[in-house]
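Chemist: Chains as they are written, first to last, in UniProt numbering: chain Y, 1 to 91; chain F, 1 to 504.
Since the hints were derived computationally from the structure, they do not count as laboratory data.
The structure presented is a predicted model; accordingly, all values stated were derived computationally and were not measured.
Do not take every clue at face value.
Using C-beta positions, here's what the derived DEER-type ranges look like [claimed, not checked]:
#1 Lys119(F) - Arg24(Y): 27 to 35 Å
#2 Lys75(Y) - Ser12(F): 31 to 39 Å
#3 Gln66(Y) - Lys57(F): 17 to 25 Å
C-beta atoms are modelled at their ideal positions from N, C-alpha and C, and glycine is treated no differently.
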Amino acid sequence: MSGRPPRQEDGDSAALRHKEELSRRIKEQKVVVDELSNLKKNRKVYKQQPNSNIFFLADRTEMLSQSKNTLDELKKAHQELENSEKAKIKK
Amino acid sequence: MEAPGGGASPLSPALVGRLRREHEKVVTGCQEKIQHWKKVESDYEALQERLQTLPDKLSYDVMVPFGPLAFMPGKLVHTNEITVLLGDNWFSKCSAKQAIELVEHRKKHVRKALDDLQKVMKNFESRAEFTEDLQKMSDAAGEYVDIREEIEDDSIETKGKYRTAHKPHSKPKVSNVFEVDFPTNGNDTKPMGRFQSEEELWARLEELERQEEMLGELDRMPDAVQVNGEDATSSEDEREDKDTDVNGTCRAEDCITQGNFHKEFGNSDLFVRHLNGSTYHSDDEDDRDVGHNSVPTIYFSHTVEPKRVRINTGKNTTLKFSEKKEEAKRKKRNSSGNGHAAPELPIIKTPADIYRYFVDVVNGEYVPRKSILKSRSRENSVCSDTSENSAAEFDDRRGVQRSVSCDEATQSDNSEGILEEEEGEEKQQLPKKLPPSSGTTEAFSGTVIEKEPLSPSAMPHPVLAHPVLPTILERKSEELLSDAPEEPVKRISKFRAARMQQTQ
Chain Y
1 MSGRPPRQED GDSAALRHKE ELSRRIKEQK VVVDELSNLK KNRKVYKQQP NSNIFFLADR
61 TEMLSQSKNT LDELKKAHQE LENSEKAKIK K
Chain F
1 MEAPGGGASP LSPALVGRLR REHEKVVTGC QEKIQHWKKV ESDYEALQER LQTLPDKLSY
61 DVMVPFGPLA FMPGKLVHTN EITVLLGDNW FSKCSAKQAI ELVEHRKKHV RKALDDLQKV
121 MKNFESRAEF TEDLQKMSDA AGEYVDIREE IEDDSIETKG KYRTAHKPHS KPKVSNVFEV
181 DFPTNGNDTK PMGRFQSEEE LWARLEELER QEEMLGELDR MPDAVQVNGE DATSSEDERE
241 DKDTDVNGTC RAEDCITQGN FHKEFGNSDL FVRHLNGSTY HSDDEDDRDV GHNSVPTIYF
301 SHTVEPKRVR INTGKNTTLK FSEKKEEAKR KKRNSSGNGH AAPELPIIKT PADIYRYFVD
361 VVNGEYVPRK SILKSRSREN SVCSDTSENS AAEFDDRRGV QRSVSCDEAT QSDNSEGILE
421 EEEGEEKQQL PKKLPPSSGT TEAFSGTVIE KEPLSPSAMP HPVLAHPVLP TILERKSEEL
481 LSDAPEEPVK RISKFRAARM QQTQ
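Kindly generate the complete structure, drawing on both the sequences and the hints.
Modeler: So, in structure tokens, the structure goes:
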């Protein structure tokens with residue numbers, strides 16, 4: 001019996017962490033989209049190669065659309081997570 | 001599941017809780033590793049993606065990191081030249097495509113590690129669940145009952161068994177020695193063995209003593225008889241005595257080990273045995289032992305067996321052998337006036353001689369007897385040992401004359417002599433037969449002729465001997481030719497024996 005709660009906590013904590021991570025990334029992505037959308041047209045945009053320190057020159061409009069897409073995906077994932085939590089609570 | 005199941009303390013909640021915690025620790029560790037590997041995998045995927053598009057352009061405008069905090073604009077050229085870290089600070093130059101393959105290879109390895117970790121995690125998750133179940137079981141004590149078997153009692157029993165195990169060494173000997181007593185003594189003693197009160201016990205002991213004395217007398221009787229010529233039987237008796245003594249001592253020791261009551265018994269047994277010094281004390285002990293160990297009563301029977309054998313060999317064999325012959329021989333002996341057949345006996349100097357003298361007739365052929373005691377068919381077997389055997393052989397050579405002479409020889413033989421021979425042929429015959437030293441061959445022929453005239457009294461014997469012999473005669477003549485040197489000696493010896501008897 002005592003075993004249950006910690007495990008659930010673990011699961012909850014993981015879910016919680018996941019949710020926090022998700023919301024953080026959503027905020028981040030929102031900022032990115034705002035920044036990209038507010039950039040002057042002659043500004044250069046560099047994108048960091050993941051896991052390295054090098055930055056590649058990227059197209060501004062392209063990056064804006066890409067960031068918007070990721071933002072949408074993140075929002076969708078966040079929405080699903082909240083829906084599942086609501087379902088659990090209802091049960 | 002391992003620890004609680006094997007542990008002596010039954011599912012103590014603390015232990016179960018700790019076990020579950022350890023399992024969960026492993027699970028969380030696995031999860032962390034999995035996350036790490038997933039990150040690695042994602043990194044490799046990004047790298048792969050970049051590598052796939054890198055050769056698309058000749059040059060890239062990039063911000064080159066200049067230290068951790070500074071960047072400077074640059075151009076990435078040689079887009080299809082990549083140095084790959086192989087490990088241990090070794091690099092290899094390769095194209096983007098080869099780099100992609102390398103990355104793919106590494107991704108495979110990462111994926112494998114991920115799968116293993118997933119399995120371990122699943123395994124430990126299930127274990128954690130099981131420990132939870134165990135905890136439930138321990139918590140809800142009403143539903144589950146612990147069934148145990150106490151081993152202490154078993155160990156004691158096994159000790160007892162060990163003791164019994166020792167007995168087999170002594171037992172087989174006993175079994176060999178005693179068979180016949182079993183019905184008489186065994187039935188009485190068995191049931192009584194353990195549960196007698198002391199009085200009963202003593203009464204029983206006295207009774208046993210009496211029996212032993214009786215038996216001892218019986219035993220001695222045959223020994224006295226044996227002086228006449230039963231060496232074999234006497235030897236058997238001696239053997240019995242030895243065996244029984246050994247067994248008896250063993251038994252006594254066993255009894256002592258087994259308990260107070262048994263001690264008394266064992267001591268008393270020893271005492272009795274020493275007094276009488278006969279084999280039958282050991283019998284009694286054996287009976288008791290049988291009672292104790294639930295050992296088969298076989299032990300007892302053997303002591304009596306030798307007696308049986310004697311009786312059988314003595315009376316039965318003689319009867320089977322040829323009653324008429326015996327009677328005739330007796331008459332002859334009476335007439336001759338000497339009861340001892342010894343002089344007539346053939347000379348046996350070597351084992352081969354025994355086979356020559358003791359011969360079975362099968363389908364008119366001589367077949368060396370396998371074992372004298374076995375005697376698959378006494379009627380068929382021609383007792384060549386004394387006069388008959390030699391007679392058969394002689395008949396082969398000399399014909400009718402031989403048979404006649406043989407008859408005389410047989411007549412001269414004592415019934416006792418025959419008995420003796422059958423019982424312990426080798427032993428008995430040697431001493432008796434030696435006196436008539438191997439005669440000369442010439443004497444044989446002469447004697448044969450002489451005997452014929454005397455034959456009329458012996459004639460009845462030929463009738464007995466002949467039915468078997470006639471077919472044999474031809475054969476024997478052939479055999480005799482080959483065996484010639486040995487046979488004449490035999491004849492002579494018989495004749496001599498006959499003469500000796502007559503003279504005596």
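Chemist: Which numbered hints turn out to be false for this structure?
Modeler: 2
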